[in-house]
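Peer 1: As you go down the protein sequences, you meet chains A and B in turn. First residue of the first sequence? That's 0 in numbering that gives the first Met the number 0, and the numbers climb one at a time after it. First residue of the second sequence? That's 0 in numbering that gives the first Met the number 0, and the numbers climb one at a time after it.
Keep in mind that the hints were calculated from the coordinates and are not lab data. A quick note: this is a predicted structure, and the numbers were derived from the prediction, not measured. One thing to keep in mind: the hints can contain errors.
[Claimed, not checked] Calculated lysine-lysine pairs in the DSBU-like style (CA-CA distance at most 30 angstroms, straight line):
1. LYS184(B) - LYS219(A)
2. LYS219(A) - LYS159(A)
3. LYS160(A) - LYS116(B)
4. LYS115(B) - LYS160(A)
5. LYS116(B) - LYS159(A)
6. LYS75(B) - LYS184(B)
7. LYS219(A) - LYS116(B)
8. LYS146(B) - LYS18(B)
9. LYS146(B) - LYS184(B)
10. LYS115(B) - LYS159(A)
[What the hints assert, rightly or not] Pulled a few chain A residues facing chain B out of the computed Cβ check, cut under 10 angstroms:
11. GLY96
12. ARG138
13. THR235
[Stated by the list, open to error] Restraint-style ranges between C-beta atoms, simulated for each label pair:
14. THR213(B) - ARG37(A): 32 to 40 angstroms
15. ASN94(B) - SER1(A): 26 to 34 angstroms
16. GLU34(A) - ALA1(B): 42 to 50 angstroms
17. GLU67(A) - PHE175(B): 47 to 55 angstroms
18. ASN89(B) - PRO196(A): 37 to 45 angstroms
19. GLY96(B) - GLU67(A): 34 to 42 angstroms
Each residue gets a CB set at the ideal place from its N, CA and C atoms; glycine is no exception.
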Amino acid sequence: MSLAKRIIPCLDVDDGRVVKGVQFVDILDAGDPVEVARRYDEQGADELVFLDITASSDNRGTMVHVVEEVASQVFIPLTVGGGIRELSDIRRMLNAGADKVGINTTAVNNPGFVRQAAEHFGSQCIVVAIDAKQVGENRWEIFTHGGRTPTGIDAVVWAKKMADFGAGEILLTSMDRDGTRDGYDLALTRAISEAVPVPVIASGGVGTLEHLADGVIEGKADAVLAASIFHFGHHTVQEAKDAMSARGIEMRALDV
Amino acid sequence: MATVAVIDYGMGNIRSVSKALEHVSGDTKVIVTHEAEEVLRADRVVLPGVGALQDCVSELKRLGLDDVIRETVRNKPFMGICLGMQALLNSSAENGGTEALGIIPGEARHFAAQLKKIPGTERLKVPHMGWNQVHQAKAHPMWRGIKQDSRFYFVHSYYVAVKSDSVAGATTPYGFDFTSVIDQKNIFAVQFHPEKSQHAGLALLANFLSWDGTH
Numbered sequence: 000m001s002l003a004k005r006i007i008p009c010l011d012v013d014d015g016r017v018v019k020g021v022q023f024v025d026i027l028d029a030g031d032p033v034e035v036a037r038r039y040d041e042q043g044a045d046e047l048v049f050l051d052i053t054a055s056s057d058n059r060g061t062m063v064h065v066v067e068e069v070a071s072q073v074f075i076p077l078t079v080g081g082g083i084r085e086l087s088d089i090r091r092m093l094n095a096g097a098d099k100v101g102i103n104t105t106a107v108n109n110p111g112f113v114r115q116a117a118e119h120f121g122s123q124c125i126v127v128a129i130d131a132k133q134v135g136e137n138r139w140e141i142f143t144h145g146g147r148t149p150t151g152i153d154a155v156v157w158a159k160k161m162a163d164f165g166a167g168e169i170l171l172t173s174m175d176r177d178g179t180r181d182g183y184d185l186a187l188t189r190a191i192s193e194a195v196p197v198p199v200i201a202s203g204g205v206g207t208l209e210h211l212a213d214g215v216i217e218g219k220a221d222a223v224l225a226a227s228i229f230h231f232g233h234h235t236v237q238e239a240k241d242a243m244s245a246r247g248i249e250m251r252a253l254d255v
Numbered sequence: 000m001a002t003v004a005v006i007d008y009g010m011g012n013i014r015s016v017s018k019a020l021e022h023v024s025g026d027t028k029v030i031v032t033h034e035a036e037e038v039l040r041a042d043r044v045v046l047p048g049v050g051a052l053q054d055c056v057s058e059l060k061r062l063g064l065d066d067v068i069r070e071t072v073r074n075k076p077f078m079g080i081c082l083g084m085q086a087l088l089n090s091s092a093e094n095g096g097t098e099a100l101g102i103i104p105g106e107a108r109h110f111a112a113q114l115k116k117i118p119g120t121e122r123l124k125v126p127h128m129g130w131n132q133v134h135q136a137k138a139h140p141m142w143r144g145i146k147q148d149s150r151f152y153f154v155h156s157y158y159v160a161v162k163s164d165s166v167a168g169a170t171t172p173y174g175f176d177f178t179s180v181i182d183q184k185n186i187f188a189v190q191f192h193p194e195k196s197q198h199a200g201l202a203l204l205a206n207f208l209s210w211d212g213t214h
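Same shape as in the complex, but just chain B (with noise of 0.2 angstroms):
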């Protein structure tokens, strides 16, 4: 039987993403863990997250799986959500500065900063919460059955900055067009809860669940 790891590293929505996955499993069985040999041995692997990058970081470390999520990303299908994707970068400008796992080039940088340098965006509101649009860069086996541009649930005050264009995998408008997917390889990161975004999310995690990792 395939098998999903969630990595449970006792921060955030961990719940809310294992029942979403179950919704969509069909014949994938679900796993809760943070065991580092059950994420080894899974087919694919799923890292989601809310909450400050700092204590997600330091957690991931203590347990043992920053090694385990680079050595899963080099070889099967690994799904970053939210702080889950923030957690792939070099750095994160929160709390002064907070280094994150080094997997793809960028930072998170925070959101109001940005928007105060805009003209005419300084009001716009951070938290950016609410449901906006994702509008994908390009196609990916991930978007199957997915219209360009729907609508997924964000909730965020950092956004990704990546060095590369080429991993940026989808955009979101909000002030500027920021990052909201990252597509390398067999990575795909998400800065939205498809979780929690109705019809649209739980596509997008059955999708994941029949992806192989290329594209």
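Extracted from the complex, chain A is given alone in its bound form (with noise of 0.2 angstroms):
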């Protein structure tokens, strides 16, 4: 195996802006996505995802404008995810520069989507984004609309789907520990990674780095995604490689 395994910024923007409070050490406001993701490109982050929040449709054109300036500055991998309904904003995020877009709840209402997705752009730029929370012993459940809406569907059948669709990548996000800083779930991120031929994203939860590590060596995922450990300056994703690799996990180093 020579393929590293990926450290991913995620970025939450509303409006043009980052939220949830990025801040740097050394920089007092960096609300500003370009900003934020040039510093990340910096400390070695192997791709970046921006999720826009918008609410109102009519701030959407912001987020394009947010991808090009980005993609015109930074160059690595760029998902975005959030408010993607139809082909048309998957060809604007990627004529802005995106590399892959994340879909949710659209996924959910019409299943049929990501595949004519895949056959329309590829799957290498299709990824299913999949919130779920456990509701019994080694059994999750998806949620759509950030969290709040139950569907009923079990989480593994669901990513198993999704990958037989065309999705080249599941990013999955554990709501019961999304915000607790408690680690990721390692039993669904390892049941969700063993159950598709896809790579897989884990996300929430992450507190310390360690908890990166265990995302990988026990949760099996290819990638890990996290927020605030990296927006409040309590660590770099250069410290975050540097932890990971400590445990054995292959890395990408910074230097050509």
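Make one complex out of these two single chains by using the hints.
Peer 2: Rendered as structure tokens:
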């Protein structure tokens, strides 16, 4: 094996600004997504995820502008999620410079959309985002609308179906762990990762650098996503890579 | 002023490729075009692409760019990226068999099918996605300033199997060593995405802009 595991900082963007209070040590106001993206790029982030949480569709165009700006300065893969409902939304984001789009609620409402999108643009750019909550022993269900709406669909069954429909990657978030800083739901991550043939990104609950390594070693994730441990300047991406390397995980070094 | 044409046939990440080239272009002008004349006039040419090979090849043919590419690869520095590499082959296993441009003898094969044949690799994820090592098979001006086994960003479900090992400019290990670079005379084609491979990727693109097409 020499494919490196990936570290992916996630930025929530609301009407063109990064929210959840990003605060780098030496930058007072880092709400500018381009500034934040550049900083993570310098620290060695392997990819970036932008989540458009803008509620009003009037402001969706702002995200296109953000992606264009970031893509002309930061040369690593960019994934954009949130508000992807039609093929034209995907086309717009890819044209702006995104490499992949994350599809969540629309996939649940209309699974055929994932198949259509994969046929049209290729599986390599279709990421299906799954928000899962534990409902029993080794049983998880998927939720939509930011984790508020239950669907009754089994998460493992759903993940397999989405991979069958052409999803090139699964972004898996544990709703139980999100925001807790208790670490990923490793049983969930492992269950999904072992069930699907495509890469899985673990998300939700990271509080320490050890949690990132756990996501790969115990959760069998191909990539680990985190927000707040990087945003608040507690840790740099490089520190995270050092910690993961120390646990024997193959990581990308920053030098050419 | 020297020019580099990025062939735009309506698929994939043209903007990312042109932005990355502009970032390192210096005095070279970056032109994004589907006009045959502009491609033929350019000093060097890039064929990018992501998605399905069938769509790629049929769009190139519809725009009359297949013959332009055949002409270009005869006499000027040419870089294929990802699907733009696979398009140079004879065919692809995609969609049960798709004919490509037939410039480099070889075919694109499905990764998962090959990994299933090798004990212990059945569970490797496909698409092959992320930063993997590129092992330079021989010295080349395109590798200037880039360390042996540097990591580049890959995302693909099909891999290139060339007829002749002599055109394999680099290999990458994923279950087995596959050809990640085709190097034949003035053609340099890569399976990975230099436009998304940060420092190493930008260095490769910069090298392309100063490469004269010889070794």
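Peer 1: If a hint holds in the structure, say so; if it does not, say that too.
Peer 2: Hints, one by one, checked against the model:
1. The hinted pair formed by LYS184(B) and LYS219(A) fails the criterion: a straight-line CA distance of about 42 angstroms is larger than 30 angstroms.
2. Taking the CA atoms of LYS219(A) and LYS159(A), the gap is about 16 angstroms. The hint holds against a cut of 30 angstroms.
3. Distance hint between LYS160(A) and LYS116(B) is fulfilled; the C-alpha atoms sit about 24 angstroms from each other, no more than 30 angstroms.
4. A distance of roughly 21 angstroms separates the Cα atoms of LYS115(B) and LYS160(A); the hinted pair therefore holds under the 30 angstroms criterion.
5. For the hint linking LYS116(B) to LYS159(A), the alpha-carbon distance of about 22 angstroms falls within 30 angstroms, and the restraint holds.
6. The suggested pairing of LYS75(B) with LYS184(B) holds, with an alpha-carbon distance near 10 angstroms, which does not exceed 30 angstroms.
7. Restraint check for LYS219(A) and LYS116(B): the C-alpha separation of about 23 angstroms stays at or below 30 angstroms, so the hint holds.
8. Note on LYS146(B) and LYS18(B): the hinted pairing holds, with a Cα-Cα distance of about 24 angstroms set against a maximum of 30 angstroms.
9. Distance restraint check for LYS146(B) and LYS184(B): the Cα-Cα separation of roughly 22 angstroms lies within the 30 angstroms cut-off, and the hinted pair is therefore satisfied.
10. For the given pair, LYS115(B) sits about 18 angstroms from LYS159(A) by alpha-carbon distance, which is consistent with the 30 angstroms threshold.
11. For the restraint placing GLY96(A) at the interface with chain B, the shortest Cβ-Cβ distance is roughly 5 angstroms, inside the 10 angstroms limit, so the hint holds.
12. For ARG138(A), the interface hint is violated, the least distance from its beta-carbon to any beta-carbon of chain B being 23 angstroms, above 10 angstroms.
13. The criterion of a C-beta within 10 angstroms of any C-beta in chain B is not met by THR235(A), whose closest approach is roughly 16 angstroms, and the hint is violated.
14. Range check, THR213(B) to ARG37(A): Cβ separation about 37 angstroms, and the 32 to 40 angstroms hint holds.
15. The given range of 26 to 34 angstroms is respected by ASN94(B) and SER1(A), whose C-beta atoms sit roughly 30 angstroms from each other.
16. Restraint check, GLU34(A) to ALA1(B): a C-beta distance of roughly 33 angstroms breaks the suggested window 42 to 50 angstroms.
17. Between GLU67(A) and PHE175(B) the Cβ separation comes to about 39 angstroms, which falls outside the hinted range of 47 to 55 angstroms.
18. Separated by about 27 angstroms at the C-beta atoms, ASN89(B) and PRO196(A) break the suggested range of 37 to 45 angstroms.
19. In this structure the hint that GLY96(B) and GLU67(A) lie 34 to 42 angstroms apart at CB holds, the actual value being about 38 angstroms.
Against the hints set out earlier in the document, violations occur for numbers 1, 12, 13, 16, 17, 18.
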